[in-house]
Every structure is written in C-alpha cells, then in structure tokens.
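Here's the letter readout for the chains.
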Amino acid sequence: QKVTVEVLDHLERLALVDFRDSEGVERLQKAIQFADQLHEVNTDGVEPMDSVLEDRCLYLREDDVTEGNCTKELLKNAREKVEEYFVAPPGNIPLPKLEERETFLQGS
Amino acid sequence: MAAAARGFGGVWCWVWQRGGGWCPAPAPRRQRAVSCNARGGAVLAGKSGLAPWVPVVGLEIHAQISSNSKLFSGSQVQFAAPPNSLVSFFDASLPGTLPVLNRRCVEAAVMTGLALNCSINKKSLFDRKHYFYADLPFPGQTILLMKFPFTEGKLRVDANVSVHHPGEPYGVRTEVKNINSIRFLAKAVDYEIQRQIEELENGGTILNETRAFDSKLGCTVPMRDKEGKQDYRFMPEPNLPPLILYDAKSLPANMNHQQVVNIDWIHERLPDLPSVKRAKLVEQYGILPEHSFTLLNEDGLTEFFENVVKQTQMKPKKVIGWILNDLLSYLKQHSLTVKESPVSPFLLADLLNLLEKKEISSTAAKQVLAELWKGEGKAPLEIVKEKELELIQDQKELEQICQAVIDGQENEVMAIKAGNQKVLNKLIGLVQRETQGRSNPVLVKQLLEKKLSE
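Heads up: the protein sequence lines correspond to chains A and B, in order. Heads up, the final residue of the first sequence is numbered 108 in the numbering used here, and it's a clean run with no missing numbers. Heads up, the final residue of the second sequence is numbered 1454 in the numbering used here, and it's a clean run with no missing numbers.
Hints may contain errors.
[What the hints assert, rightly or not] To list a few chain A residues with every Cβ distance to chain B over 10 Å, as calculated:
#	residue
1	V3
2	F19
3	S22
4	Q33
5	D36
6	L74
7	E84
8	R101
[To be verified] Going by beta-carbon spacing under 10 Å, a handful of chain B positions derived as facing chain A:
#	residue
9	S1069
10	K1070
11	G1074
12	S1075
13	P1083
14	L1086
15	F1089
16	D1091
17	R1104
18	V1261
19	L1443
For the record, the hints were derived by calculation from the structure and aren't laboratory data. Bear in mind the structure is a predicted one, so any value in this text is a computation, not a measurement. Just so it is clear, CB atoms sit at the ideal spot from N, CA and C, and this is done for glycine as well.
Given the sequences, and given the hints that come with them, work out the whole structure.
Here it is as structure tokens:
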C-alpha cells in the first residue's frame, strides 16, 4: 500500500517537512511498515494503558498564589523585547497549494 | 449536547463587507415553513419539491473557573494584568517545569457538574494538545482534561451547526465562534442553518470549518485560517497521573484528606439551586413563578424584596409589584444595581405602609417614590406632608365634595339613575380632581352610590 500524493502533501503542509526525492518518500513508507508491526500483537481483552503513572496519586495543590511576578527574569532570555513583551517572528504563513509550489511531489 | 434548532430567516441578499468582500446578509422575504417532527425537532421545508431539512445544533460552552491561582501553576489569576506579569516558569514552558493541578478547580468542576445534574466520572485522564505557531519557538501545548463536566465563571459559547434530511446521517458541521450574547447566538445559528441549506440546495458542499459570527452584518464568515490545516497530535499527557474522585463509599481509609476530592462531601455543601430557591419563593410569598425568575436573576433583589416584606403589612403579592415594576425599572433606567439603590428596603417599606394604611393613594405613593429616588434622605411621611398628598380622612368633607359634584352634573346623574353605571367613573374622576388626587376612590364610589340611591 503506497502513500498517496494527497497524504504526502498533507504531511509536508502539517509538518513543514520536505520529502526532497523518492528516497525520502521510500523512507517514510518503510517507517510506516515498521510501525505497522504493532498490529500483529493480539490485544484482545487487554485494557489500554493510559499512563505509566496510572498507579500514582495525582497531587492536588491548594489554591494559593505562590509564583509568577517575575517578568524581569523571564525576559532575560529574550533576544528581542518591546516593553514587557517578547518579540517573535511574524505569524504563520501557510504553504502555497501543491500546484503552486516547488516540491518533488509536483511531478508525481 | 445536541438540540434541534428553530431557525428560519428568509433569503439572503449580498452586502459589501467592511474591508472588502461580499457577505450575505438577511433580507426579510419569504420564510421557510417549519413544522415539528415526531421527536419535537424542527424540520424546515426544502425549496419547492425538495426534501425537508433537519438542523442539528450543539453548543460548546466555555466557562472560566473562579480561583486565586491558575489551573496548573501557582500564578495569580487576574484580569488585564500587565503583560507577562503573572507568568511563572511553568507557564513560560521553561524546561524542567511540571504542571501541578489546582484542587479548587477540581472542586469547582465537580460542583458545576452536580448543579447541572450530570453524572460525575470517577476517573479522568489528561491529554496534551499541540499548537504550532511560527511565533512560538517550540510547539505550544495545552493540557486538556477529558471526560470532565463544566466549570463556573466567565462564559463563552461556540455553536456547532449542521443540517441533514430526515432519516439520513448527520451532515458536515461547522463551528461558529465570536458569539457574544444569547441574542447573537440565536442570530448566528439561524444564519448558519440557512446558509448551509442554501449551499446544499444549490449543489454545493459544506466544509468542516470554523466560522466567525459578524454581529454587525448578522452573518458568519470563514475564519482566516492562519496555520492552514492543523494537526494537534493529541497524546496522553505524560506528566499527570489520572485524576480519581471519591465518594463516601469509595473513600480510602488512610489517605491524606487534603489529597482527596469527595463528591458526596461537595454535594452536601451545594447551596440551594435556583430551581429550588424559586419554588420556595413562590410557595412562601404566593408570587408568580415568573416573578421568582426576575427576583433571582437580579443580584440582591430577592434580599431586597424579603426585607421589604418583613417590614411592611402589605401582602407580598402586592409588594412584588412595587419591586418589579417601580424599583427595578428605575434601577434599570439609571443603570444601577440593587445595592446602589437610593431607596432602601426600609424606606420602601415605610412608604408601602402609608399606602396600606390608606393614608395616601396609590398615585400619591408613586409621586412619593419619585421624590425618594432623589436620595435626599427624606422620610416618606415628610414628603407626603410637604406635597400635601395625604388622603382626606374627614368623611364629612368628602361627602360635601361628592354632593357638590353630583349637584353640578345633572345629566350624568340622570344617566346613572337610568342604569348606566359606567358614568359613575366620571363622577369619581371629578371628585378626584376636586381633591387633587387626595381622595380614596373606593370610598368616593361608596359615598356617591349612597347619595345617588337616596
């Protein structure tokens, strides 16, 4: 079962990954096949484990204010700041549609 | 929670939207016929000859818990605090920090679930949801609590809408955001149902998308999708064990009680729910159910009402009229809360007592109330004296005035004696005028009737 061009485009768009060439796609296929081996395990009647911490007790904190108010410290790590804001790069720019961008998948 | 929607609007016309682009807006023209199906849900007629439509609406209600500190950290919660002033190291996602759950939030959630008559899940799991924004150097994360009932506090609602033909599976749904009031909720839902029906009847498809409600234009528009498609990569939250809630039966023997949330303990401490409060008010005071709604919906109004009732001989059924019609409308007109009322329960009770003792008429009472609103601290009796509003108590004086009116209205008297009782009201009115409203209409009527029958 091959991975379709639609799915590959979807992955490139979501993960901002560039499959580059057929070898990249082949590697992906192999990775999926590898993971598919999980299906060979019979899990009938086995309760899924939600968390390795399932037999630990979840600690509940009292509703007191005990931290925060450390703006200066937090901003010490900021490369760029304006007043008390972190300055970040511009917002998300979605990838152009498949037909309009340069990708190995174009030829497929 | 899905509820059948009621929407019908007409055909939509196109309106130029601020910022460019055409946006459909409602034009009041033909309305779709709506009928109810066997389950009581609304069914909308299709374009002539086409199959009818069933809309399905789900409301996603977000409410902020009222707490001192945050859900997963000990940072303060405060509206409009300066930027980054409340952020702790965990909130800033610095490496090595871990979430710690706030007990008060858990209790609030349980309380709300109980108040809404939900069944409370004993075990809840946390999932992690990832957001990828270019302006965050690493994927943002949200920890979600799954299978857990609602919380109390600040409120927000998103509406999920789809349509389908009866008997067929549900259609593709859209999510509508930016709805800021119940009225807008109704408009947004109505619009979206219509939009989807028109789209489908014209051969189009509905995208599973998020739309924003534009309150000015009364329509929904696709939200500018800043990330394109989203893959949230849901996974079990590795840093939080499951949350277990207990009740009296399942309570472990030797556990630190600070670490235990006991559903039954919380249930016992729930205050009277509104439905119970309303029923009590109706039973205790003999007021109408709709009165009880208003009393409860206005902060402090029930207390005000009960305080007045305590201090006056007037029956609660009569008092409620003064509370809901006079007091409340004045407060609303001046945008005041009950607590800010210039007229206290004591003053109002004082006034109502004068009325009850028939020392003033109801019209006079309203005049006094108007004076009291000025908040000059005068007592009702003072105002009555100042404005000479007391009812004439001297029976002889009243009789004289009645006689004078009768003497002056020969035609009317003849009409009454001939059997036209309605004309009597005119005479009563004339007496009222003579006495400048200071006569008790019931008494005047009796006197006039007595004189006319002589």
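Status of each hint after checking the structure:
1. V3: 16 Å, holds
2. F19: 17 Å, holds
3. S22: Per Cβ check, S22/A is outside 10 Å of chain B; nearest 24 Å; holds.
4. Q33: Its Cβ never comes within 10 Å of chain B, the nearest being 21 Å, so this holds.
5. D36: The assertion about D36/A holds, with a minimum of 19 Å to chain B.
6. L74: Its Cβ does come within 10 Å of chain B, the nearest being 5 Å, so this is violated.
7. E84: 5 Å, violated
8. R101: 12 Å, holds
9. S1069: 5 Å, holds
10. K1070: Holds - the Cβ of K1070/B comes within 10 Å of chain A, reaching about 8 Å at its closest.
11. G1074: Holds, about 3 Å.
12. S1075: 4 Å, holds
13. P1083: 5 Å, holds
14. L1086: 5 Å, holds
15. F1089: Where the cut-off is 10 Å and the nearest Cβ of chain A is about 7 Å from F1089/B, the hint holds.
16. D1091: Holds - the Cβ of D1091/B comes within 10 Å of chain A, reaching about 7 Å at its closest.
17. R1104: Holds. Min distance 3 Å.
18. V1261: With Cβ-Cβ at 7 Å, under 10 Å, it holds.
19. L1443: Because about 64 Å separates L1443/B from the closest Cβ in chain A, which is outside the 10 Å limit, the hint is violated.
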